[in-house]
Amino acid sequence: MLVIKPGNSGTPWETDVNGTRLAVGLAILGFAQAVSAQPADLPIAPARTDQFPNGFKVIRAKDGQVYATKDGHTLYGMDMRTLIAFGPDPALYCRDECTKVWEPMLAPPGSKPNIAFPRGFGSPPPPAGQAPRPAAAPAASNSDLNPDGLYNTQRAPDWTLIQGASGPQWVYKSWHLVFTRKGDKPGSTAHDGADNLTWNTLKFVPPVPKLTAPQSVAAAYRDGAYILTHKDGRALFTGICRKDCTDWSPLTAPAAGRGLGEWTVSRSGDTPQWLYRGKPVYVGAALDTPAPIPANGKVLRP
Amino acid sequence: MISQRMPKLLAAGAIALGAGSMGAAPQPFTPQAIGDAPARSLPAPPADGVMGFVVSDFVQPIVEGKDACPDGPVPKLREAYIASLPAAERERLTRKENEAELLRAWQMTAFGKNGTNICSQPEMFDRPTFRTVQSKVAWGLDLDEGNATDTCAHDTFTTPNGQTGIDNQEYRALGCKLEWRTKDGVGGDNQIGMKQFHNSGEWTQVILLRGVDSLENDPSVEVVYANTPDRPMIDAKGNYLPGITYSISTKPPRERNVLKGRIVGGVLMTDPGDIKLTQTWGQGGARDIRGNRARWDYRKARLRLEFQPDGSLKGMMAGYRPVADPIISPALGGAGSALVAGIDCAGELATLRKYADGLKDPKTGKCNGISATQRISAVPAYINDINQRRASR
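Chains as they are written, first to last, in UniProt numbering: chain A, 1 to 302; chain B, 1 to 393.
Mixed in with the good hints there might be a few duds.
[Unchecked claim] Ranges between beta-carbon positions, derived for each pair: (1) Thr245/B with Val205/A: 30 to 36 Å; (2) Pro309/B with Cys98/A: 30 to 36 Å; (3) Lys251/B with Val208/A: 18 to 24 Å; (4) Pro362/B with Asp148/A: 27 to 33 Å; (5) Thr245/B with Gly269/A: 30 to 36 Å; (6) Asp71/A with Ala148/B: 42 to 48 Å; (7) Val258/B with Gly233/A: 24 to 30 Å; (8) Gly201/B with Gly233/A: 52 to 58 Å; (9) Asn161/B with Ala291/A: 48 to 54 Å; (10) Lys251/B with Lys100/A: 34 to 40 Å; (11) Thr245/B with Ser143/A: 45 to 51 Å; (12) Lys112/A with Ala148/B: 22 to 28 Å; (13) Lys96/B with Ala194/A: 37 to 43 Å; (14) Asn161/B with Pro46/A: 53 to 59 Å.
In case anyone wonders, no lab produced these hints; they're calculated from the structure. Remember, it's a predicted structure, so these values are computed and weren't measured experimentally. Note that beta-carbon positions come from the ideal geometry of N, C-alpha and C, so glycine has one too.
Make a model of the complete structure from these sequences and hints.
Right under this line is the structure:
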């Protein structure tokens, strides 16, 4: 276990890299379709690191990996951005009836909040005879912190602390106040998307791997693991085509291209073609199509 | 009887193009074009029965004239505050030398306790309801067909061309807002603003018809009303170019709705069904994700689209919207909507709730939806349907 000290919370964190890499085999003949019923901001973006607070872990649930408590209860994020209509500080929303069914994941005793829900445009005019309040000094454009010393929501680390209705409470990705559902069985994700997508399981997507690859190559997360893709969203694959090769479009390399890391250039064909770990690379169809690669093609992994 | 048949799909997918002249300029919006089917000659449908269109106009229709709002438009927050004052105080505060005091005073009405404001937290403010449309005439469709079992008591309108039983309570509630109707009684900012949003490409909508045997009468037509990520092609005058290719997408935030329809006398009607379409708003930024998750959400919705001799479609979509949906844009704007545009979001929501007539909760008997109408025009286009599209190699 690797223990590190984050920002100003003073809370021990841990990493659980080996235990969370639950990559499963990717079906060669078709990737799982992306969930289309959710808006563009869901599921939540990949983690920035493999480290997360002590007391949490990653488990494999019905639809993939999710964060959970040590005893396996799924963590839910209350998306504060959907609750502005109930008050200017949605971090304080969950009281009374809400706490009868949702258990806040409080920070360790003594922890101090290091993020706050941002205030919107506009404020009441000052009382008669008083000068307007001076505007706060803008934060440096490259700073992770606001002038008040709290994290900028756009630049905050994955796990921060906010003042919730029951005290300092964990927040994931700046907006998702962390709870468990009372009475839930371990591993249950039954309330994912509840109340019009206010409550969402905290899906764990490992950090995007750093690639040393041609500019046209990217990585996409599918079925619990990253695969290599074209930057325009088409699948990359390798293999040997024996007949009906019209769907095998080589990933072309620049005419004067040279190797890059595990990538080399083959000039044996009509056009220069990238090889990955010595195998020819082909471009398939878009990942969200029923058959992104031919039946006898093989996906490439970082 | 004309039999329903499956269209012959082209090898590359379901590519459809509306019948008729490809180069015809859009026609001005007229009562006949939205309301009924005048006598005219319609072209024959394509042999494969598949027709495609891109929606070029999508806005709440109003019936222009001063009779709809005889007492004038809904006052803005400033005017509402001034009107609430005793006569002597009103006279004092509206003097030029007291302008700063008046500004401060009316702006205070937009804020409440603990930093709340009238647009971000409209439910926390008790505001009077708006002036509403007083005339009996409005565009729309008869959504309940006189069946009041799952609706709440409401008056109906008659269209300018005489169709009765029209349910359009959104128009009744909001039709006197300045954004809908100017002081002169003509179309307000909505008419231009919605066109600009639509032209931006964020909301581009397409219509795909399958199984069309006749543009005059056909008892069974499949209607796909969907979004595309493709930007519309528009000429220098803002007219949508016909014959452009668009691809249907369901990748969020885009939607695809399949409806059952029929053609009677040159008018395409669909059976009631839910229609969701992309609606994104930029206001509010990252702190209010509702802008990204907004939808045009019409329940028990119907299309009534009239085939035009030039190959285009004109008509309406009507249905019941969740009652808070119409204020999503100013709500996302928060205090800015109130301070800059003078919008009374709380009064607007109270008015919508008062006139809600659909989506009745059987337990409470309360209606949570309001009947609403969008004017639609569409020009012929080639439409690739995602379900039939082969992988692009």
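Right, here's what the structure says about each hint:
no.: 1; hint: Thr245/B with Val205/A: 30 to 36 Å; in the structure: holds (34 Å)
no.: 2; hint: Pro309/B with Cys98/A: 30 to 36 Å; in the structure: violated (59 Å)
no.: 3; hint: Lys251/B with Val208/A: 18 to 24 Å; in the structure: holds (20 Å)
no.: 4; hint: Pro362/B with Asp148/A: 27 to 33 Å; in the structure: violated (49 Å)
no.: 5; hint: Thr245/B with Gly269/A: 30 to 36 Å; in the structure: holds (32 Å)
no.: 6; hint: Asp71/A with Ala148/B: 42 to 48 Å; in the structure: violated (53 Å)
no.: 7; hint: Val258/B with Gly233/A: 24 to 30 Å; in the structure: holds (25 Å)
no.: 8; hint: Gly201/B with Gly233/A: 52 to 58 Å; in the structure: violated (19 Å)
no.: 9; hint: Asn161/B with Ala291/A: 48 to 54 Å; in the structure: holds (51 Å)
no.: 10; hint: Lys251/B with Lys100/A: 34 to 40 Å; in the structure: holds (38 Å)
no.: 11; hint: Thr245/B with Ser143/A: 45 to 51 Å; in the structure: holds (46 Å)
no.: 12; hint: Lys112/A with Ala148/B: 22 to 28 Å; in the structure: violated (58 Å)
no.: 13; hint: Lys96/B with Ala194/A: 37 to 43 Å; in the structure: violated (55 Å)
no.: 14; hint: Asn161/B with Pro46/A: 53 to 59 Å; in the structure: holds (56 Å)
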